[in-house]
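In order, the protein sequences belong to chains A and B. Residue 204 in this note's numbering sits at position 20 of the first sequence, with consecutive numbering throughout. Residue 216 in this note's numbering sits at position 213 of the second sequence, with consecutive numbering throughout.
Treat the hints loosely; a few may be bogus.
[What the hints assert, rightly or not] Which stretches of chain A does chain B cover? Using the computed rule of at least three CB atoms under 8 Å from a CB of chain B, they are:
| hint | region |
| --- | --- |
| 1 | 200-213 |
| 2 | 234-245 |
| 3 | 253-260 |
[What the hints assert, rightly or not] Facing chain A, according to a computed beta carbon distance under 8 Å, are these residues of chain B, among others:
| hint | residue |
| --- | --- |
| 4 | Arg19 |
| 5 | Leu20 |
| 6 | Thr24 |
| 7 | Leu28 |
| 8 | Ala30 |
| 9 | Arg75 |
| 10 | Asp78 |
| 11 | Ala79 |
| 12 | Glu83 |
| 13 | His88 |
| 14 | Leu91 |
| 15 | Val94 |
| 16 | Ser162 |
| 17 | Arg205 |
| 18 | Glu228 |
[Said to hold, decoys possible] A short list of chain B residues far from chain A (calculated; beta carbon distances all over 12 Å):
| hint | residue |
| --- | --- |
| 19 | Ile13 |
| 20 | Thr92 |
| 21 | Gly102 |
| 22 | Glu194 |
| 23 | Glu199 |
If you are wondering where the hints come from, they were derived from the structure by calculation, not from laboratory data. Just so you know, even glycine gets a beta-carbon here, dropped at the ideal spot from N, CA and C.
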Amino acid sequence: MTLEGQRLVCSYGPTRALGGVDIAAGGGEIVAVVGPNGAGKTTLLRALSGERRPDQGEVLLDGSPVSGADPGWRGRVGLVSHRAGLYRKLTVAENLNFFAALHGVPKARDAVGPALETIGAATLANTRVEALSRGQSQRVALARSLLHDPDILFLDEPFTGLDPAAAAALESTLRARRAAGSVIVLVTHDLRRGLGLADRVVVLRRGHKVHDGETGGASAADLLRYFTVGDPS
Amino acid sequence: MNELRRAWLITLKDLRLEFRTGGRLVAMIAFVVLAGFLFAFALDRTAVAGRDVAAALLWLVMLFASTAGAGRIFDAEEEEGAFRHLLLTPVSRPAVFLGKTAANLVVIWLVTALAFISLTAFLDVRDQGSLAAHAAVLLPGTIGLAATGTFFGRMSRHSSLGDTLLPVLTFPLLVPVIYFGATSTARVFLERPWTEISGSVRLLWAFAVGSVFIGAALFRHLTDE
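Just chain A, same shape as in the assembly (with noise of 0.2 Å):
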């Protein structure tokens, strides 16, 4: 399985977030999008999983164009975004009992209880979101973006906010569905845990791809070089 992103330009009114990217992330692999405030990565992110639709160039799975629009691709899509998305009037049971059966899981209620395990949150079902650290929040978000076990997963910026526990679980959780064969594409700010726990790395400024290369050997500081030198268009 691969996923690529090709020529991909998104605007919002007359800014340019995206110049023509070209991406790819084959299934097994964890790819993150790292770069400065303002490069893109969120549109990236955002014009991959079928939130947006870009203004020029296509997403393609196995050469296959793919869209938002189609609800088919988006039951293979899981979604963590630095805000947690929940309802916050809603336990934390409630509110993944509502998302799991809205993907047409199998016996919903049944699934949220593993959901909740897999992310160390067993004892928070009954809580509402409300009451919830952001921490203990972002956890839930995991939790809902694995509910129908989506083969494709988006992360923007997952750590933030995460203990060094959680934190530990939630790269525990990524190198599992990395074993199992998922697509994986994490924006971070945290170089070094993006370098420890990705196999290639893409870095975007501008709207513009600068660097696209495995992670091994890099560190955080010859990333830090493409975030400022040379001019990406």
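Since the structure of chain A is provided, determine the placement of chain B on it from the hints.
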């Protein structure tokens, strides 16, 4: 999974949030009770009988309350960014629209029932006509209000004018609902035969069905980027 089942899940979720949060419902209920209370003082009932104006006031109160509530239909969705995750599930956009419209309709029914009780009490309307006939008129009218409110409630989210835009967009569209609804309700209050009312009710149903279908068909333009 059946899209109607998904719509139903969204309705249940919205109602659960509505009753737990309470803000929108409480504001709408407070509005209709206070409106009935104030109308009782504003009307010179030695010149105008309460029964003669109750229908018009009822529909205006329903219109203002539903429009005020429509601006907050998507508050819980946007609060933590949950709506983008809902849209990333395989649920169709028409199902999202139907689910949210149905939840809005239940809230409008509650508000309408309370408006009816408070207006007839404050205006001292003793002969109310057939309650079944009132329900037959109010049902299609409230469906039209709910569908229009849900659609334009979403649209106002895209505008920098926000809730200010809602009455500007919805009031002109809802003129037929108010006209046929208020005249039909007035005739029910006056206990006129159903044959004098049924034509207007058919037009209310046409508006209700049309607004639900058009809203469902166009909703994706308000959700997908």
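Hints versus structure:
no. : hint    : verdict
1   : 200-213 : violated (count 0)
2   : 234-245 : holds (count 4)
3   : 253-260 : holds (count 5)
4   : Arg19   : 7 Å, holds
5   : Leu20   : 5 Å, holds
6   : Thr24   : 5 Å, holds
7   : Leu28   : 13 Å, violated
8   : Ala30   : 16 Å, violated
9   : Arg75   : 14 Å, violated
10  : Asp78   : 11 Å, violated
11  : Ala79   : 6 Å, holds
12  : Glu83   : 6 Å, holds
13  : His88   : 4 Å, holds
14  : Leu91   : 5 Å, holds
15  : Val94   : 5 Å, holds
16  : Ser162  : 15 Å, violated
17  : Arg205  : 36 Å, violated
18  : Glu228  : 4 Å, holds
19  : Ile13   : 8 Å, violated
20  : Thr92   : 4 Å, violated
21  : Gly102  : 10 Å, violated
22  : Glu194  : 45 Å, holds
23  : Glu199  : 46 Å, holds
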